[in-house]
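Number of protein chains: 2
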Amino acid sequence: MPVLVMKFGGTSVATLDRIRRAAKRVGVEVAKGYDVIVIVSAMSGETNKLVGYVNETSPLYDAREYDAVVSSGENVTAGLMALTLQEMDVPARSWQGWQVPLITTSAHSAARIEEIPTDNINAKFAEGMRVAVVAGFQGISPEGRITTLGRGGSDTSAVAFAAAFGAERCDIYTDVDGVYTTDPRIASKARKLDKIAFEEMLELASLGAKVLQTRSVELAMRYNVKLRVLSSFEEQSDDAGTLVCAEEEIMESNVVSGIAYSRDEAKMTLVSVADRPGIAAAIFGPLSDAGVNVDMIIQNIAEEGRTDMTFSCPTDQVTRAEKALQDAKTRGEINYHDLIADTDVAKISAVGIGMRSQSGVAAKMFKTLSDEGVNIKVIATSEIKISVLVDRKYLELAVQALHDAFELEKAA
Amino acid sequence: MPVLVMKFGGTSVATLDRIRRAAKRVGVEVAKGYDVIVIVSAMSGETNKLVGYVNETSPLYDAREYDAVVSSGENVTAGLMALTLQEMDVPARSWQGWQVPLITTSAHSAARIEEIPTDNINAKFAEGMRVAVVAGFQGISPEGRITTLGRGGSDTSAVAFAAAFGAERCDIYTDVDGVYTTDPRIASKARKLDKIAFEEMLELASLGAKVLQTRSVELAMRYNVKLRVLSSFEEQSDDAGTLVCAEEEIMESNVVSGIAYSRDEAKMTLVSVADRPGIAAAIFGPLSDAGVNVDMIIQNIAEEGRTDMTFSCPTDQVTRAEKALQDAKTRGEINYHDLIADTDVAKISAVGIGMRSQSGVAAKMFKTLSDEGVNIKVIATSEIKISVLVDRKYLELAVQALHDAFELEKAA
Numbered sequence: 000m001p002v003l004v005m006k007f008g009g010t011s012v013a014t015l016d017r018i019r020r021a022a023k024r025v026g027v028e029v030a031k032g033y034d035v036i037v038i039v040s041a042m043s044g045e046t047n048k049l050v051g052y053v054n055e056t057s058p059l060y061d062a063r064e065y066d067a068v069v070s071s072g073e074n075v076t077a078g079l080m081a082l083t084l085q086e087m088d089v090p091a092r093s094w095q096g097w098q099v100p101l102i103t104t105s106a107h108s109a110a111r112i113e114e115i116p117t118d119n120i121n122a123k124f125a126e127g128m129r130v131a132v133v134a135g136f137q138g139i140s141p142e143g144r145i146t147t148l149g150r151g152g153s154d155t156s157a158v159a160f161a162a163a164f165g166a167e168r169c170d171i172y173t174d175v176d177g178v179y180t181t182d183p184r185i186a187s188k189a190r191k192l193d194k195i196a197f198e199e200m201l202e203l204a205s206l207g208a209k210v211l212q213t214r215s216v217e218l219a220m221r222y223n224v225k226l227r228v229l230s231s232f233e234e235q236s237d238d239a240g241t242l243v244c245a246e247e248e249i250m251e252s253n254v255v256s257g258i259a260y261s262r263d264e265a266k267m268t269l270v271s272v273a274d275r276p277g278i279a280a281a282i283f284g285p286l287s288d289a290g291v292n293v294d295m296i297i298q299n300i301a302e303e304g305r306t307d308m309t310f311s312c313p314t315d316q317v318t319r320a321e322k323a324l325q326d327a328k329t330r331g332e333i334n335y336h337d338l339i340a341d342t343d344v345a346k347i348s349a350v351g352i353g354m355r356s357q358s359g360v361a362a363k364m365f366k367t368l369s370d371e372g373v374n375i376k377v378i379a380t381s382e383i384k385i386s387v388l389v390d391r392k393y394l395e396l397a398v399q400a401l402h403d404a405f406e407l408e409k410a411a
Numbered sequence: 000m001p002v003l004v005m006k007f008g009g010t011s012v013a014t015l016d017r018i019r020r021a022a023k024r025v026g027v028e029v030a031k032g033y034d035v036i037v038i039v040s041a042m043s044g045e046t047n048k049l050v051g052y053v054n055e056t057s058p059l060y061d062a063r064e065y066d067a068v069v070s071s072g073e074n075v076t077a078g079l080m081a082l083t084l085q086e087m088d089v090p091a092r093s094w095q096g097w098q099v100p101l102i103t104t105s106a107h108s109a110a111r112i113e114e115i116p117t118d119n120i121n122a123k124f125a126e127g128m129r130v131a132v133v134a135g136f137q138g139i140s141p142e143g144r145i146t147t148l149g150r151g152g153s154d155t156s157a158v159a160f161a162a163a164f165g166a167e168r169c170d171i172y173t174d175v176d177g178v179y180t181t182d183p184r185i186a187s188k189a190r191k192l193d194k195i196a197f198e199e200m201l202e203l204a205s206l207g208a209k210v211l212q213t214r215s216v217e218l219a220m221r222y223n224v225k226l227r228v229l230s231s232f233e234e235q236s237d238d239a240g241t242l243v244c245a246e247e248e249i250m251e252s253n254v255v256s257g258i259a260y261s262r263d264e265a266k267m268t269l270v271s272v273a274d275r276p277g278i279a280a281a282i283f284g285p286l287s288d289a290g291v292n293v294d295m296i297i298q299n300i301a302e303e304g305r306t307d308m309t310f311s312c313p314t315d316q317v318t319r320a321e322k323a324l325q326d327a328k329t330r331g332e333i334n335y336h337d338l339i340a341d342t343d344v345a346k347i348s349a350v351g352i353g354m355r356s357q358s359g360v361a362a363k364m365f366k367t368l369s370d371e372g373v374n375i376k377v378i379a380t381s382e383i384k385i386s387v388l389v390d391r392k393y394l395e396l397a398v399q400a401l402h403d404a405f406e407l408e409k410a411a
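Protein chains in written order, with numbering that gives the first Met the number 0: chain A, 0 to 411; chain B, 0 to 411.
Since the hints were made in silico from the structure, they are not lab data.
Please note: incorrect hints may appear among the correct ones.
Only part of the chain A face toward chain B is listed, based on derived beta-carbon distances under 10 Å [what the hints assert, rightly or not]:
(1) 60
(2) 69
(3) 97
(4) 315
(5) 316
The following residues of chain A were derived to be distant from chain B, with all beta-carbon distances above 10 Å [claimed, not checked]:
(6) 15
(7) 127
(8) 381
(9) 398
Quick reminder that beta carbons are idealized off the backbone N, C-alpha and C, glycines included.
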């Protein structure tokens with residue numbers, strides 16, 4: 000029988016009633032003839048509670064014990080979901096990560112999936128079991144210890160199972176009903192997309208449109224797993240939600256598919272850096288060592304052997320970045336007159352695979368912002384994305400103006 | 000290095016502070032030179048919460064899923080205890096039941112321990128690990144599913160580990176500081192016992208002195224594991240608490256070691272039963288089938304082919320017992336004039352291995368009660384126990400009078 004993977008996030012299994020509602024959705028797919036693999040998160044709030052216990056017990060915790068503790072929430076949901084399905088006369092059983100086994104690397108709390116043998120679960124499907132309920136987010140290391148895949152890792156579990164079992168589709172049930180052209184709370188004209196390409200979803204996810212864990216999209220792209228994002232709180236039709244799929248399956252699309260934004264970006268400028276070969280490495284090496292996630296980097300034209308270097312990073316890493324640079328200066332590795340942190344900025348990005356074949360997108364974006372009086376502080380571009388940093392007070396205005404300019408309220 | 004098993008119950012690990020306090024106790028034993036196996040329960044309240052989820056989801060639950068769900072609380076405590084010990088620079092790691100593995104039968108939710116291979120944990124001890132923190136109450140079936148040992152099963156886990164590893168002692172940390180001659184809330188003269196024999200403890204445990212799970216005492220007796228019951232809430236000396244051990248290790252003891260009681264006993268009398276061979280089986284067969292735990296049984300002298308049959312059972316099983324007997328009467332299997340349930344009784348027992356070699360204990364008990372005007376309704380005796388049913392209003396009076404009569408406030 001064809002296999003379908005269905006993943007339910009924490010809010011979709013937050014109470015016994017919601018687990019029942021999710022189980023009914025599973026029952027519908029079983030009735031259609033699918034063998035279903037259900038991936039469940041912990042009931043919402045549980046993982047945060049457990050992470051809190053670990054942090055309070057041991058701030059510099061042993062990640063192996065962290066994993067043993069925080070993985071337990073998913074086990075509870077998996078068992079309860081299996082029981083709920085059994086009550087509906089759907090043959091089901093639960094599987095913990097080590098029982099599958101979902102084999103990962105030993106990189107505890109951020110493990111990567113190595114292999115998912117299908118024998119155990121397929122043997123049960125062959126015996127008439129219709130639903131394998133698998134605890135998401137967790138696996139087992141070669142040493143036999145429990146591992147976890149990082150926050151949001153259940154999405155990645157789901158895609159990996161879909162790839163391993165050759166599933167027809169991987170449905171991600173969540174608390175939103177799909178992927179939008181932009182945040183509907185900011186632009187009322189935001190439109191739900193029927194389809195979006197993997198590459199676009201990757202850019203949107205990494206830009207803070209937190210619908211899917213980035214790694215799950217990468218994995219889906221690599222194994223060409225059709226991902227569908229849909230709401231567990233609405234009656235569903237077969238074409239509900241948004242399908243994340245290969246570019247080839249999207250016949251027509253707008254040049255720009257969506258406008259993403261991020262509020263928690265900071266702009267940092269090293270003023271008058273002594274310019275010499277290797278200066279970039281001397282600056283960004285220590286930042287990387289300090290765990291600062293540098294996003295955009297701009298180097299202004301050097302004059303008289305000195306230059307200004309600007310970069311962006313998450314606002315909560317500004318202190319760490321300042322210390323790393325100050326230390327490098329003290330050690331004599333770099334030299335600069337001043338370090339200016341501007342935490343009052345936001346990043347706006349236009350994303351679309353159509354940009355590859357169409358010119359003038361950047362020009363249109365800059366003109367739109369200019370017409371609204373929004374000053375652009377930093378620009379960075381990739382093949383399918385143009386990002387700008389602007390004063391945070393212009394965030395909503397900029398998103399709305401760009402959404403209008405690229406006519407995203409209209410389907411292609 | 001010698002091995003010590005230390006078990007901490009739910010109240011002893013109810014909060015992170017209490018886990019720290021427990022870890023300090025473990026550190027003291029490590030400093031003495033012991034390799035320690037710590038068995039932990041779930042934080043108090045957790046298991047009840049999980050059991051509640053399962054019952055609400057599926058009243059006639061699949062016991063395999065029940066076990067997968069309710070075992071998760073112990074995993075959390077095990078990881079947190081390992082982290083706490085590491086913070087104290089004690090080399091420790093957690094083990095879930097399947098990692099040891101603690102192999103059990105497949106009787107889910109009431110599994111029995113089959114084997115505990117010591118290789119994995121001993122290999123870590125050899126590498127310098129000083130504490131193995133093991134999630135109590137759980138194991139793994141031959142089919143690779145998670146099993147649990149029944150409520151209170153962590154005591155049994157602890158004793159089984161002590162037997163498997165040849166531990167010098169198994170210390171059970173709980174919320175009382177030992178085993179008393181009787182309930183101190185009833186008799187202020189109640190005295191903590193330094194030592195008590197396995198057989199006596201078994202009688203006390205099954206009589207409702209709920210310090211230890213009965214099975215754990217049986218197991219300790221079979222493998223001659225020295226069990227010590229002590230409080231996790233008090234500063235401890237080496238001879239704190241009560242040692243439960245073989246009779247031979249107790250040099251002197253009182254004839255009677257303790258007075259136990261149970262409030263929730265009911266006395267049921269079948270009036271004027273037609274007496275014939277096989278009548279006892281005809282009465283108690285259906286009761287057993289209905290899950291009624293019959294304790295004492297008394298048959299009065301038959302007159303003219305009819306007799307009165309009296310038995311005791313827990314008060315909450317009275318309705319079930321009445322129905323089972325009524326059904327048997329309807330089916331014509333038994334015949335009686337009346338069925339009288341007296342739920343206003345209590346059971347008082349005197350327990351002591353000294354009774355074996357000393358006569359007159361029963362006579363003294365009956366005279367003591369008679370002197371206080373307490374009417375005895377039913378009597379039952381075993382080799383080391385004399386039990387009576389009395390009106391519940393006399394419970395406190397009877398316990399105090401017997402405690403005084405046998406001078407239990409004085410050590411042997």
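Of the hints given before, which are not true for this structure?
Of the numbered hints, 4, 5, 6 do not hold.
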